[in-house]
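S.K.: Now for the letters of each chain:
4 protein chains.
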Amino acid sequence: MANLGFIGLGRMGRHMARNLIKAGHTVTLFNRSQAVVDELVAEGGKRASSPAEVARNARVLFTCLTTPDVVESILRQALEGAQPGDIFVDHSTIGYADAQRIAAMCAEKGVQFIDAPVSGGPWGAEAGTLTIMCGGDKAAYEAVLPYLQIEGKKLYHLGPVGAGTVAKLCNNLLVGIHAAALAEAFVLGTKAGVDPKVLYEIISGATGNSAQIERNIPKFIFPGNFEAAFSVDHLHKDVALAVSLGKDQNVRMLLGALTQQLLEEARAAGYGQLDEAALIRPLEELTGVKVRA
Amino acid sequence: MANLGFIGLGRMGRHMARNLIKAGHTVTLFNRSQAVVDELVAEGGKRASSPAEVARNARVLFTCLTTPDVVESILRQALEGAQPGDIFVDHSTIGYADAQRIAAMCAEKGVQFIDAPVSGGPWGAEAGTLTIMCGGDKAAYEAVLPYLQIEGKKLYHLGPVGAGTVAKLCNNLLVGIHAAALAEAFVLGTKAGVDPKVLYEIISGATGNSAQIERNIPKFIFPGNFEAAFSVDHLHKDVALAVSLGKDQNVRMLLGALTQQLLEEARAAGYGQLDEAALIRPLEELTGVKVRA
Amino acid sequence: MANLGFIGLGRMGRHMARNLIKAGHTVTLFNRSQAVVDELVAEGGKRASSPAEVARNARVLFTCLTTPDVVESILRQALEGAQPGDIFVDHSTIGYADAQRIAAMCAEKGVQFIDAPVSGGPWGAEAGTLTIMCGGDKAAYEAVLPYLQIEGKKLYHLGPVGAGTVAKLCNNLLVGIHAAALAEAFVLGTKAGVDPKVLYEIISGATGNSAQIERNIPKFIFPGNFEAAFSVDHLHKDVALAVSLGKDQNVRMLLGALTQQLLEEARAAGYGQLDEAALIRPLEELTGVKVRA
Amino acid sequence: MANLGFIGLGRMGRHMARNLIKAGHTVTLFNRSQAVVDELVAEGGKRASSPAEVARNARVLFTCLTTPDVVESILRQALEGAQPGDIFVDHSTIGYADAQRIAAMCAEKGVQFIDAPVSGGPWGAEAGTLTIMCGGDKAAYEAVLPYLQIEGKKLYHLGPVGAGTVAKLCNNLLVGIHAAALAEAFVLGTKAGVDPKVLYEIISGATGNSAQIERNIPKFIFPGNFEAAFSVDHLHKDVALAVSLGKDQNVRMLLGALTQQLLEEARAAGYGQLDEAALIRPLEELTGVKVRA
Ligand SMILES: NC(=O)C1=CN([C@@H]2O[C@H](COP(=O)(O)OP(=O)(O)OC[C@H]3O[C@@H](n4cnc5c(N)ncnc54)[C@H](OP(=O)(O)O)[C@@H]3O)[C@@H](O)[C@H]2O)C=CC1
Ligand SMILES: NC(=O)C1=CN([C@@H]2O[C@H](COP(=O)(O)OP(=O)(O)OC[C@H]3O[C@@H](n4cnc5c(N)ncnc54)[C@H](OP(=O)(O)O)[C@@H]3O)[C@@H](O)[C@H]2O)C=CC1
Ligand SMILES: NC(=O)C1=CN([C@@H]2O[C@H](COP(=O)(O)OP(=O)(O)OC[C@H]3O[C@@H](n4cnc5c(N)ncnc54)[C@H](OP(=O)(O)O)[C@@H]3O)[C@@H](O)[C@H]2O)C=CC1
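Chains as they are written, first to last, in the numbering used here: chain A, 55 to 347; chain B, 55 to 347; chain C, 55 to 347; chain D, 55 to 347.
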């Protein structure tokens with residue numbers, strides 16, 4: 055059994071860490087707030103009081119944090135406790151340039167960095183069925199593969215550092231656009247008099263369907279329950295990172311750029327902490343329509 | 055067995071007419087170009103030389119044409135041969151106001167009009183598995199239901215005239231946005247160095263998936279074969295009709311409006327007659343990337 | 055002195071009619087609401103009780119109404135009183151295809167139609183300094199030129215019927231985009247802490263200036279007075295007509311299409327009857343910023 | 055007479071430096087490429103071989119460079135030669151956060167930083183009529199005011215560091231949107247058959263006018279001469295900085311975001327080094343229209 059570390063025990067990370075513990079590994083944990091650490095320590099995890107302490111106890115360190123700045127700052131601290139040969143695996147969604155800058159920072163201490171963003175939501179994290187998209191050294195990837203297989207089901211090594219991030223940003227760009235698109239279609243149909251439940255039944259079986267429609271309509275929008283599984287703020291960060299990757303790659307991204315602004319709108323309306331399905335709410339309020347069932 | 059009529063034997067209509075013939079009905083046919091009529095007559099259909107002649111021979115008349123103008127003009131001609139009590143079922147995708155105007159025109163002659171747009175593509179038309187979304191008098195709908203059950207699998211009566219059209223336009227609005235969105239995501243990922251085949255494998259199993267991704271990427275974009283199953287021109291028409299419905303209903307449709315212009319771009323680039331998957335081509339050309347596999 | 059007619063005595067038309075009366079012409083008037091007719095009759099105009107009655111008394115008929123539908127319906131009624139050789143001059147902003155359809159309807163009765171939309175606002179109408187953009191028969195244009203010279207200062211004959219409309223729609227497309235653009239710039243600057251008065255002083259003297267900035271900021275936005283000189287509803291109509299002309303001409307209009315939706319947003323927010331400067335209000339409300347001075 | 059420094063002798067900087075020399079000041083110069091330094095040395099400037107050398111010889115240092123990264127790197131080098139009490143005045147257009155970060159870096163060495171972006175183009179720089187928008191310490195601003203008065207005519211102190219940048223970004227956001235807007239209007243009008251020269255005459259005197267129309271149409275677009283006075287790349291940088299400021303300030307910027315992508319399109323089409331008026335060229339090419347006169 056291996057000595058692993060996990061930093062960032064939020065909506066996603068807590069499940070991934072628990073699955074690693076359950077599989078019998080020694081997992082040293084750090085999190086800003088302590089309640090979730092208490093819980094996981096009760097299940098066999100080990101508490102550390104700093105990122106550096108985690109790194110001292112772990113040969114493979116996993117992180118699942120928020121923005122690129124947070125990831126960089128935590129990993130800088132972790133590097134103080136790391137040894138040459140250690141591997142850092144980051145499950146947060148960060149930018150392409152961020153991944154490369156952080157990898158360079160790690161390389162200075164002889165640590166290998168793998169960007170390993172995930173898709174599948176808290177449900178997938180809990181079930182261990184995540185899609186994990188990795189970029190980085192192939193041998194390092196293979197070294198951590200046994201642990202990734204505990205966290206997820208569909209594992210990909212896509213190329214050098216940043217490649218996992220690219221795939222993840224492409225996916226979440228689509229998540230953002232699709233979430234904004236379904237808002238337009240369902241508000242329009244409902245306002246024009248069609249029963250939204252039947253509309254959902256039709257579209258979810260037809261050419262206009264998307265994974266977002268299947269996720270957002272029945273679980274969040276119909277019941278009017280926008281408690282965050284994946285927040286507007288996170289999706290805003292990801293779409294902004296995708297549009298920014300477009301800028302670096304000189305790819306025109308009209309729908310992406312517009313969707314970023316619609317996420318900005320939802321944030322300005324006070325919905326940043328709600329689930330991304332709440333992207334429909336500004337339009338509902340503007341038009342006086344509620345897509346509920 | 056019933057006396058039916060079918061006008062408009064294009065990519066969709068020919069399959070629907072054939073299925074009605076195969077089911078044993080007497081189907082009188084009219085089409086602008088004759089080759090397809092020859093074919094269907096060989097299989098048991100009856101040729102007519104005008105829309106009015108079709109109407110004289112049919113108690114239920116199906117149409118599957120292109121733009122609202124064409125539908126209106128053909129049905130005006132058909133009305134000359136119709137009898138009070140006949141039912142006209144239109145499978146074309148037209149506008150909400152168009153459906154209502156045409157229904158009023160039919161009502162003057164005692165003919166009932168059902169807007170019955172479909173989803174499922176030529177494959178679905180051939181297999182008889184279409185989704186058919188109907189608006190109009192409930193009794194009239196029930197009268198034609200046996201024939202609709204030959205043409206499709208998922209049949210909906212959604213309300214008064216125009217209700218089927220609303221559902222269809224909501225679906226195709228999503229088709230348009232999703233087709234434009236996948237262009238951005240796959241050009242971005244490919245340009246940033248990820249293998250588009252793996253990207254497709256990942257996204258089609260993840261939260262960014264859409265029916266359009268599953269349709270357009272493997273069947274059209276990867277092989278670079280843009281022969282139309284559903285043309286850019288038709289999708290442009292539909293998205294424009296949806297945006298126009300938004301105007302009537304006072305619903306702000308930012309992504310819809312932008313997508314209409316991207317379809318305009320594809321038309322201006324000369325791709326109007328290609329399959330709607332070709333929406334990716336202007337962006338491929340701008341960025342020098344080809345998403346092929 | 056000539057026998058003229060004027061129908062549509064709204065914010066613009068009343069001033070134009072008054073100027074024609076003041077110049078000594080016999081002007082027969084019709085308007086839906088009567089208060090303004092009373093006023094102009096007191097100044098020398100003649101009241102008519104229908105469009106046809108105006109047409110019977112006038113060899114040149116001016117209209118300044120709202121939407122294409124209203125113009126078409128009023129002119130259809132007027133044609134009942136018209137004589138071959140009469141000229142109809144329409145100052146409303148309508149669509150390109152509308153102008154051509156109405157001209158054809160007039161031609162059937164031997165009446166010539168000139169589309170003659172204007173720019174300059176109620177101020178320009180009052181001062182007789184309007185820009186007037188005409189399309190139609192050159193000789194007919196020259197026949198009415200003496201009256202146009204009373205209504206405006208900058209007079210253009212741009213080509214056959216519809217040509218005046220094209221120029222006007224291009225201008226108002228810019229009006230719409232510029233009005234939406236200044237909202238973004240001034241809300242951004244104000245939110246980021248710059249005094250909007252100084253910001254206005256700078257930008258109005260710099261490369262970012264526009265006629266809309268000079269109109270909307272000091273007259274409407276700073277005082278927070280959005281009483282309509284030119285309403286959101288009218289601008290929405292015009293931008294929609296321009297985008298629709300783009301569709302006919304197969305010109306991609308991304309900013310135009312987006313601006314149409316922002317006008318839709320302002321209408322949905324209840325500001326349709328306010329001045330178009332109110333396009334800034336949804337963004338002010340979203341961001342909690344007021345650009346006032 | 056004062057000891058001044060100037061780094062960045064491009065399209066703008068060369069004129070500003072020359073005006074300072076002409077006014078009798080001792081101006082030490084540095085530029086990456088030397089031809090322009092030769093010229094200005096011949097007119098009385100002093101050549102330095104590094105940014106640090108400029109700083110050693112100057113109590114007030116002006117810069118007019120390109121991107122935030124370049125400004126930061128050059129000023130970091132300059133600080134090595136600076137003395138406490140020196141003032142750095144940056145005329146480049148950089149971001150709000152950039153200005154603050156650079157000011158903090160300067161403050162560590164006792165140097166005061168003033169962000170002082172300009173508007174007016176090479177013409178204004180040459181004529182000494184620039185608008186200069188400053189942020190920073192009020193006393194420092196007053197200390198450099200005599201030199202700013204040589205470079206420009208309209209001088210503003212808008213608040214603490216970053217305030218000048220905010221005003222400039224608001225202005226250039228409008229420049230970008232207006233440049234993209236005129237492309238749509240003039241391509242549309244020309245395609246619909248109106249003579250672009252007359253269209254320009256009308257619009258430039260009407261409510262749709264903008265400073266961009268007066269600049270881009272007669273000087274660049276009509277003659278088809280897109281040699282850069284202000285490049286697409288620079289405008290892209292500025293609009294991206296404005297949209298990014300919107301992100302920091304949580305202001306939805308739909309037209310801004312779209313315009314950034316249109317600039318991306320022009321860059322991808324190979325027009326980054328052309329004048330920003332070339333923003334019309336992708337649309338001209340798409341539609342087959344040339345707005346020339
Ligand atoms: N293709 C698809 O996947 C789907 C299409 N639809 C909708 O179904 C309708 C038909 O689509 P599809 O079959 O693909 O279109 P096609 O272009 O393949 O067929 C169009 C039919 O309309 C006829 N037609 C066109 N213009 C005229 C005219 N001026 N006068 C007389 N007949 C005319 C054509 O005649 P001719 O054979 O002589 O050209 C042909 O029979 C459209 O409204 C479309 O939006 C809906 C769902 C899916
Ligand atoms: N305002 C401006 O700054 C400018 C306006 N325009 C264009 O000029 C036209 C008129 O604008 P404006 O004067 O501002 O508009 P107003 O709304 O002030 O006036 C509209 C006129 O149309 C009449 N009208 C409206 N609906 C009907 C109807 N159903 N039947 C009969 N009459 C009707 C109104 O009658 P009633 O008095 O009874 O309501 C009124 O006389 C529009 O096309 C506008 O786009 C062009 C340039 C500038
Ligand atoms: N042009 C305009 O109309 C306006 C421009 N501005 C802003 O002013 C600034 C300058 O614009 P402009 O003069 O047009 O730009 P130019 O591209 O003409 O000049 C850029 C200057 O920066 C120098 N430079 C660029 N990269 C580097 C580098 N890596 N290391 C050292 N020096 C470098 C160039 O040196 P070299 O000569 O060796 O290339 C040149 O001196 C920009 O921030 C722009 O946004 C503001 C208002 C108007």
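Keep in mind that the hints were calculated from the coordinates and are not lab data. Some clues are possibly wrong.
[What the hints assert, rightly or not] Derived EDC-like pairs (lysine to aspartate or glutamate); straight-line CA-CA distance at most 20 angstroms: (1) C:Lys301 - B:Glu268; (2) A:Lys208 - B:Asp123; (3) C:Lys344 - D:Asp302; (4) C:Lys301 - B:Asp123; (5) A:Lys76 - A:Glu93; (6) B:Lys344 - A:Asp249; (7) B:Lys208 - A:Asp302; (8) B:Lys208 - A:Asp249; (9) C:Lys192 - D:Glu339; (10) C:Lys208 - D:Asp302; (11) C:Lys273 - C:Asp302; (12) D:Lys344 - C:Glu255.
What you are looking at is a predicted structure, and each value in this text was computed from that prediction instead of being measured.
S.K.: Determine for every hint whether it applies to the structure shown.
M.R.: Verification of the supplied hints:
Proximity of lysine 301 of chain C to glutamate 268 of chain B is assessed by CA-CA distance (about 30 angstroms); at most 20 angstroms being required, the pair is judged violated. Proposed proximity of lysine 208 of chain A and aspartate 123 of chain B is contradicted: the alpha carbons are some 50 angstroms apart, above 20 angstroms. Note on lysine 344 of chain C and aspartate 302 of chain D: the hinted pairing holds, with a Cα-Cα distance of about 18 angstroms set against a maximum of 20 angstroms. Taken as a hint, the lysine 301 of chain C and aspartate 123 of chain B pair is honoured in the structure, with Cα atoms around 16 angstroms apart against an allowance of 20 angstroms.
Of the supplied pair hints, the one linking lysine 76 of chain A and glutamate 93 of chain A holds, its CA atoms being roughly 13 angstroms apart against a limit of 20 angstroms. At most 20 angstroms may separate the alpha-carbon atoms for a hinted pair to count; lysine 344 of chain B and aspartate 249 of chain A exceed this at roughly 41 angstroms. For the hint linking lysine 208 of chain B to aspartate 302 of chain A, the alpha-carbon distance of about 46 angstroms lies beyond 20 angstroms, and the restraint is violated. The hinted pair formed by lysine 208 of chain B and aspartate 249 of chain A meets the criterion: a straight-line CA distance of about 16 angstroms does not exceed 20 angstroms.
At roughly 33 angstroms between alpha-carbon atoms, lysine 192 of chain C and glutamate 339 of chain D are farther apart than 20 angstroms, so this suggested pair is violated. A threshold of 20 angstroms between alpha carbons decides the hint, and for lysine 208 of chain C with aspartate 302 of chain D the separation of about 46 angstroms lies outside it, so the pair is violated. In summary, the hint linking lysine 273 of chain C to aspartate 302 of chain C is not supported, as the alpha carbons are separated by about 36 angstroms, beyond the 20 angstroms threshold. Of the pairs offered as hints, the one joining lysine 344 of chain D and glutamate 255 of chain C is violated, with about 36 angstroms between alpha carbons and a cut-off of 20 angstroms exceeded.
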